[in-house]
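For reference, the chains in residue letters:
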Amino acid sequence: MNKIFLVIQREYLARVKKKSFLIATLLTPLIFPAIMGIFVWIAMQEKENQSLRIIEVIDETNLFFMESSEQYAFTSSVNDLDAAKKMVQEGERYGFLHIPKLDLTDPKGIQFYGLENPSMSLMSYLESALKRKIEDQKLFDKGIDPKILKDIRTTVSIKSITLGEKGEEKINDATVNYALGFVSGILIYIFIFVYGNQIMQGVIEEKSTRIVEILVSSLKPFQLMMGKIVGIGAVGLTQFLIWVVLIGTLSSVVMGVMGLQMPQQQALELANPELAQNVPDSGELANILQVIGGIDFITLVSSFIVYFLGGYLLYGALFAAIGSAVDSPSDAQQFMLPVTIPLIVAYLGLFVFVLQDPTSSVSFWLSIVPLTSPIAMMGRISYGVPFWELALSMTLLIGGFLLTTWFAGKIYRIGILMHGTKPSYKTMWKWLKSSQ
Amino acid sequence: MLQITQVNKSYENHRALTDVDLFVPKGVIFGLLGPNGAGKTTLIRIVNQIIEQDSGTVVLDGRTLSPNDIRKIGYLPEERGLYKKMKVWDQLIYFSRLKGLSENEAKVQIKNWLEKLDVVSWKDKKIEDLSKGMAQKIQFIATVVHRPTLLILDEPFSGFDPVNAEIIKNEILELKEKGTTVILSTHRMESVELLCDHVAMINRSRKILDGTIRDVKRSFRPEVFKIALNYLKRDIPMEWTPKFSDDVWEFTLPLAGKTPNQLLSEMMEFGEILSFREQIPSIEEIFIHQVQASTHE
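Here the protein sequences come in this chain order: V and Y. Sequential numbering from 640 applies to the first sequence in my numbering. Sequential numbering from 442 applies to the second sequence in my numbering.
Any given hint could be a false lead.
Calculated lysine to aspartate or glutamate pairs in the EDC-like style (CA-CA distance at most 16 Å, straight line) [as the list claims (entries may be wrong)]: (1) V:LYS656 x Y:ASP565; (2) V:LYS1069 x Y:GLU453; (3) V:LYS1072 x Y:GLU453; (4) Y:LYS674 x Y:GLU707; (5) V:LYS859 x Y:GLU493; (6) V:LYS642 x Y:ASP510; (7) Y:LYS526 x V:GLU844; (8) V:LYS642 x Y:GLU544; (9) V:LYS859 x Y:ASP510; (10) V:LYS1065 x Y:GLU453; (11) V:LYS657 x Y:ASP531; (12) Y:LYS525 x V:GLU844.
What the hints contain is simulated information worked out from the structure, not anything from laboratory work.
Turn these sequences into a full structure, and let the hints guide you.
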């Protein structure tokens, strides 16, 4: 036991002390808030620096009255195209919008003139405003009162509530559940891949530099393998925890700075004016917070840890077995396929089945079978999973992990001492059966 | 010290060891010889408990080999290496602790050895920054740092330049003086004759020879004498194929049932004896001869 600990310690320190680990660990979480911060900063700068942009409108149809917003004001002071162009060139107007006489069933020929390329947000703002006007006009032509038109414009959001066994009500939100399932599933997928590969590289390193013969004269191959798997897993967990803490604090710092300078609503509007129009009131955000508050975080986090570790250990043993059987990383490619396929199946299954319909039978089986359950089950957890399914899935996962470790241990102890022979599935099968 | 009895080991498609018996007495340097693929590495791996024999027993210091014996054994494999990215000091700490040394004990021992081999200044260097010969010295320290009573060295001199090979050779002799038993597996016959007290030869999974260097040499002497004469009194028969240079005739003759003295007095009839010496085979000659003989059986 003591020797396993020494191996864990070495594997852990050798990686954590590396400069590349430090850089990756510190920079990765910085990237996300940094990008967010930069965007917000640019948007804020723009807003501060920009005076109200005045846009000249020449409307030959006389149908469109453009409503001014905080950013854009619309005027109609001239009727002549050339005069309007001149105003733009002289900087009196930001741009001008020309609406020629047009057929409402096929509105073509609307043009915008400006000194610079108009932003996406301006164009979509204009387009959606014109579209609405045209639609209104068409309805009006069919004899519908504009007052009624205003009344029928509605926004709908459904509040989903699940009833607990004791009748307690919990507010749900499919979007939040989707996001939670999506993020945790992907995290496990990436973790297994990245750190599984590190196990394999580490085993190949020890084998190809012939350190392994000295090591196995001091401890059992199984101890060496488990020490490596656990040590690298600890590196991953460390990195993950640092990220969580860093992203958490940095995001809240950035959000806090942002929040002080402008209300949330405006930030959203800036990022996407169309979305801003669709958000009916600031109650939505409060709602999301309420939903997040309603999630059973203890189940979510503890399941995440179980599947995170279980999945890693299960695949880690397989990666170790592959590493032990080959002499170089390039030889490992052919054996990677059977290990990667279930991972990719789980990954695709997460999007195609689990997140779409968490209770379908495909989703059920994907979240029960140990090779796919770490990723698939995480997609279901936030929607609520019956206890027995969770228990079955976790038991099978632990069983699966014990099985792959046993299996990997047998291949490993023979593989690490074999040099120069290119292994095949047949020879690996023989190693598996051999008692020695 | 080490008693190996009737050990057998076979792999899937070949036999690596067949009924091998070996006794290694305490405090000797024991040469283990044999061509590639003879089964030496398998035998060494069994003693190191890396693999298990199919049958037979291995007894160390009167007790069947067990995981507790790992600490007593130091092993330098033929194919060896160190972690390239790890510092010399950390590496030595790791290997000695794996062998069962406490951290403090490891520190003291490593410090002593670094000083002894005059390599203290390397302790914070990574292996990848050292030359091959320097790395070999560190490797040797890693093998002996836990003060093993049984040292198993597989081709210890490969990779060393002559100066460093000499240093390592002296270290091995010093360890022997202090009571360490050494098993030396090598192809370098000159180092066998220089260092070893005992030898055993393995060929095609079987032990074909075993004994002290003196006994082995004695039992394989071909009873041939090398004779040099001058001032010939009689003609030397041409079938003796004598060579003549600088007024000296040289040729070799078998005893052919006579005693050395009888042969000598016969030779005195032919001329003046300059030298009369028995031809003792080198270990290398015995080795080649024995391997060929057992392979053609």
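Do the hints match the structure? See the list:
| no. | hint | verdict |
| --- | --- | --- |
| 1 | V:LYS656 x Y:ASP565 | 14 Å, holds |
| 2 | V:LYS1069 x Y:GLU453 | 9 Å, holds |
| 3 | V:LYS1072 x Y:GLU453 | 11 Å, holds |
| 4 | Y:LYS674 x Y:GLU707 | 12 Å, holds |
| 5 | V:LYS859 x Y:GLU493 | 12 Å, holds |
| 6 | V:LYS642 x Y:ASP510 | 15 Å, holds |
| 7 | Y:LYS526 x V:GLU844 | 11 Å, holds |
| 8 | V:LYS642 x Y:GLU544 | 13 Å, holds |
| 9 | V:LYS859 x Y:ASP510 | 13 Å, holds |
| 10 | V:LYS1065 x Y:GLU453 | 13 Å, holds |
| 11 | V:LYS657 x Y:ASP531 | 14 Å, holds |
| 12 | Y:LYS525 x V:GLU844 | 9 Å, holds |
In summary, this structure violates none of the numbered hints.
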